[in-house]
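Please model the complete structure; the sequences and the hints are all you need to start from.
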Amino acid sequence: SKWLETAITRMEEAWSTRGQGDGDTVWGEPLPTWYEKSRNDNAMTLVTGVMLYPIARLMDLVHREPSLDKLWSQVEPWLPMCQEVIDTHEREWVEFNDGSGFYLEPYLKGPQRLYPRGGSRMNPLNRALWLAAPMLHIGRILGREDYILKVTRMARYFKNNCETVENGGLVW
8 SKWLETAITR MEEAWSTRGQ GDGDTVWGEP LPTWYEKSRN DNAMTLVTGV MLYPIARLMD
68 LVHREPSLDK LWSQVEPWLP MCQEVIDTHE REWVEFNDGS GFYLEPYLKG PQRLYPRGGS
128 RMNPLNRALW LAAPMLHIGR ILGREDYILK VTRMARYFKN NCETVENGGL VW
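So for the sequence shown, the numbering used here puts the first residue at 8; every next one is plus one.
Heads up, a few of these hints could be off.
Straight line, CA to CA, 35 Å or less: simulated DSBU-like cross-link-like pairs of lysine-lysine [unchecked claim]: (1) K77 / K9; (2) K166 / K44; (3) K44 / K9.
Since the hints were made in silico from the structure, they are not lab data.
Put into structure tokens, the structure is as follows:
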């Protein structure tokens with residue numbers, strides 16, 4: 008439990024650093040997520056997912072494990088912030104007719120007539136999929152079927168955009 012207390016303290020410190028951009032270069036306003044300073048102050052699904060995943064995983068563990076009930080009061084206040092951080096990327100979400108969906112990359116590289124929602128192309132698979140793991144955990148805790156459905160759509164997009172090799176493995 009000492010390890011979990013230390014993790015909670017460090018995660019509180021991580022929460023204190025969100026929204027510290029000078030203004031998102033795509034959306035023009037500081038967004039309530041974390042920024043990768045080396046990439047023009049863009050809010051990215053990669054950075055959001057990497058920061059939020061250990062937080063959401065710990066919250067899910069504390070939520071599911073009765074022996075950790077005493078810690079729930081420390082992490083439960085993070086739930087609205089988790090939703091706010093995940094929902095920051097809602098404008099970048101696109102769905103396809105095959106039942107898949109994915110996030111646009113938040114860079115203005117291509118013609119806006121093709122990517123009108125602030126991104127210029129589909130996110131590389133690894134970047135957007137980092138957000139899927141915390142969405143799954145928070146979706147389970149809150150019963151957010153919309154998060155679970157998006158994770159399912161992202162998995163379908165991933166599978167549809169990989170090559171299946173002879174042994175059944177996927178190459179992307």
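Open item on the list: So, against the hints stated earlier in the document, which numbers end up violated here?
Closed with: none
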